[in-house]
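K.L.:
First to last, the sequence lines map onto chains A and B. Counted the way our numbering counts, the first sequence spans residues 598 to 984. Counted the way our numbering counts, the second sequence spans residues 445 to 743.
A portion of the hints provided could be inaccurate.
To be verified - A few chain A residues that don't get close to chain B, going by computed Cβ distances all over 10 Å:
hint, residue
1, Ala613
2, Ala630
3, Leu711
4, Gln766
5, Gly779
6, Thr825
7, Arg961
8, Gly963
9, Leu967
10, Pro968
Stated by the list, open to error - Derived coverage of chain A by chain B (criterion: at least 3 residues anywhere in the stretch with Cβ under 8 Å from a Cβ of chain B; other residues may be distant):
hint, stretch
11, 636–650
12, 697–710
13, 951–959
The set of hints was computed from the structure by calculation and includes no laboratory data. Treat the numbers as computed from the prediction; the structure is a model and nothing was measured. Positions of the beta carbon are idealized from the N, C-alpha and C atoms, including for glycine.
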Amino acid sequence: MSIDFYWRLPTHGCHATIRRGSYDRGDWSPLQAGNQTPGLTASGEDDGYRYIDHLAEIAKAAELSGFIGGLIPSFPNTDDPWVISPLLARETKTFRFMIAFQPGFLDPVHAARLSASLQRATGGRTVFNIITGGGGPSQLWWGDSFAHDDRYGRTTEFLDIFRGVWSGQPFDYDGRFYQVQGDHLSPLLSREEVPEIWFSGSSDAALQSAAKHADYYLSWLEPYEQITDKFARVKERTAQLGGEQKCAIRVDLVARPTEEEAWHDIRTGFENVSDATRAQWRGQPTDSVGASRQAALRPTEARRWDELIVGKNLWGGFNLLRGGPALGIVGSYEQCAEQLDELIGRGADAFILAGTPHLEEAYRIGEEVLPLLGRTAAAQPLLEAAE
Amino acid sequence: MTIKLYWRLDPAAEPQRGEPSARPAAGFLPRDVRTAGLTRYDYYAQVARAAAITGFDGLFVAYRPESDDSQIVAAAVARTAPRLLLVPEFPSTVGSAVYAAKEAVSFQRATHNRLGWAIAPGADPEDSARTAEFLHVARGVHGQKPFDHEGHFFAVQGGGFSDPLARAAFPPVFLQGTDEEGLQLSANAADVHLFADARLDELRGQVETLERLALGAGREVAAGIIATISARETVEEAAGGTGITGSYDDVAEQIATLHAAGITHFVLSASPSLEEAYRIGQFVLPRVRAALGQLRTAA
Chain A
598 MSIDFYWRLP THGCHATIRR GSYDRGDWSP LQAGNQTPGL TASGEDDGYR
648 YIDHLAEIAK AAELSGFIGG LIPSFPNTDD PWVISPLLAR ETKTFRFMIA
698 FQPGFLDPVH AARLSASLQR ATGGRTVFNI ITGGGGPSQL WWGDSFAHDD
748 RYGRTTEFLD IFRGVWSGQP FDYDGRFYQV QGDHLSPLLS REEVPEIWFS
798 GSSDAALQSA AKHADYYLSW LEPYEQITDK FARVKERTAQ LGGEQKCAIR
848 VDLVARPTEE EAWHDIRTGF ENVSDATRAQ WRGQPTDSVG ASRQAALRPT
898 EARRWDELIV GKNLWGGFNL LRGGPALGIV GSYEQCAEQL DELIGRGADA
948 FILAGTPHLE EAYRIGEEVL PLLGRTAAAQ PLLEAAE
Chain B
445 MTIKLYWRLD PAAEPQRGEP SARPAAGFLP RDVRTAGLTR YDYYAQVARA
495 AAITGFDGLF VAYRPESDDS QIVAAAVART APRLLLVPEF PSTVGSAVYA
545 AKEAVSFQRA THNRLGWAIA PGADPEDSAR TAEFLHVARG VHGQKPFDHE
595 GHFFAVQGGG FSDPLARAAF PPVFLQGTDE EGLQLSANAA DVHLFADARL
645 DELRGQVETL ERLALGAGRE VAAGIIATIS ARETVEEAAG GTGITGSYDD
695 VAEQIATLHA AGITHFVLSA SPSLEEAYRI GQFVLPRVRA ALGQLRTAA
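This is chain A alone, in the form it adopts within the complex (with noise of 0.2 Å):
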């Protein structure tokens, strides 16, 4: 048995320390001293260092560090995957860029054209996060008005061309969103391998399309129960349909030598948090259902950081420290291993780990809580599973 672990790559900037918010490595806070790519020379002028040059030091630490790939998020104030992935791919060897994408960003003939070119300028790297949840305001901001089941309707079409054009044989299509007629990559560009595609959403219209498409099913971190039988669910729904459905996570931790440590550092984050981010706590209204069970998550307030333990080594506060999911694993390095452990036995075929800050966390947790995985009192069921 083998477990793929993705890392992942902060397109919005990076704190030095999950002990403050301030996004103090990247331009989304101003240009001064402590900050870096860009950073200030001995002089006071603009280094000409760039976040790219940051991202970079991730990707690398990653793949030096046990990781396979990482995850490359899209909203609309980061960086962009598409551009991400091919600037980096010369100077990575096995990092797997797993870009986030929504089927409405691109033409389906075009995105395959787009992969295959990445696929041969990364020697098969290329890993998609097909993203279709979502909607509200944040859809009309990317010109893109379709309605939520709509949506999934369109990114079954998008990937029936995508996969239909990549044949290399004239391919037609007459669908409710797009329209294709004998369109099809060269031999040069079809020779290389469809990339693997991660697919999101909790709703039955996402399910339908993940069952057709999808090599694994992605959920952020969710109490154990409810996982469990979330992707249960989803095996059992995508079987009845006629597919078969990997299972991956994607959460933060905060792994320390000692559990007294990771949670020190968590409280100390939390008390750092200004009254402002708590009053935002709760979120803005989406029609994403994950995000809503994320949502049921939480407390109704944050008055204090023990508060927000929702099982032994599980936080529900980590979106008060950065932005995306609100729980996670802290504890010590045996203790994370033993839950990552706990979730392979659940379900879990393959992970998307992140942990503050994502360049010095990518070699912390690549060799000191990876290495344990498989060891921990957590896995003996699965070993004795296994054999």
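Once you've looked at the hints, dock chain B against the given chain A.
P.N.:
Coordinates of chain B only, in the frame set by chain A:
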């Protein structure tokens, strides 16, 4: 009037160069140690570095549907070829104009504003209108917040980039074509209009038309040319070449003449791309710059 000289990388040219699938499978006597990790992109990067080393101002990457995508190629070589403006050519049918603008901004942020956009002329009669709207929306979300648009091809509500993305410069836009509609589109929306190679008197007329239309639109649009170039030590050796042809002195003079006719951007190509980049960069560009009094001198 400054001159800008670009080398044109055609991803479909010299298709066997660096192409792993073109390596001889059998009957190749030398021990072959080339790994799968050595690819066609190493060749693209070499051509880009050749253009940088030999003094070109930029690298134009042609749109070739059957070969590697120009935007992937441009990004893949960007960090290895410093200083060059990178100008991928692509049609306005690639997808959302908002997304294209966002990709452009990321490229600009990562490369100290070294991106240009060459929108490929389309075969479809609708393409000119689409390109106009594509550029309107892309510039709109880059320059205004909130930006709203309800058009024939694109719709946006509450769009527009925030800092730091909004701080990146919008890429200079290169458009092509010789008909009046194409020139009018350039007058309205291009920074540079690229003509196809033609007789000098024809080009003079086209440049005049462009200038007249741009004046009408209240804009300044630079004129450029996409041309092949055949330059050799002697005119005899260059005989039979295509495009701008002759000895090094001859072609430099022809380029200077075109420059005097109002053409300031030169997108040049010759095959094989690497060797010819060195030849043109080393023997022709210095002569052109000397003729125009713009010779680069050592500090």
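K.L.:
Checked against the structure, which of the hints given earlier come out wrong?
P.N.:
Violated hints: 3 and 13; rest satisfied.
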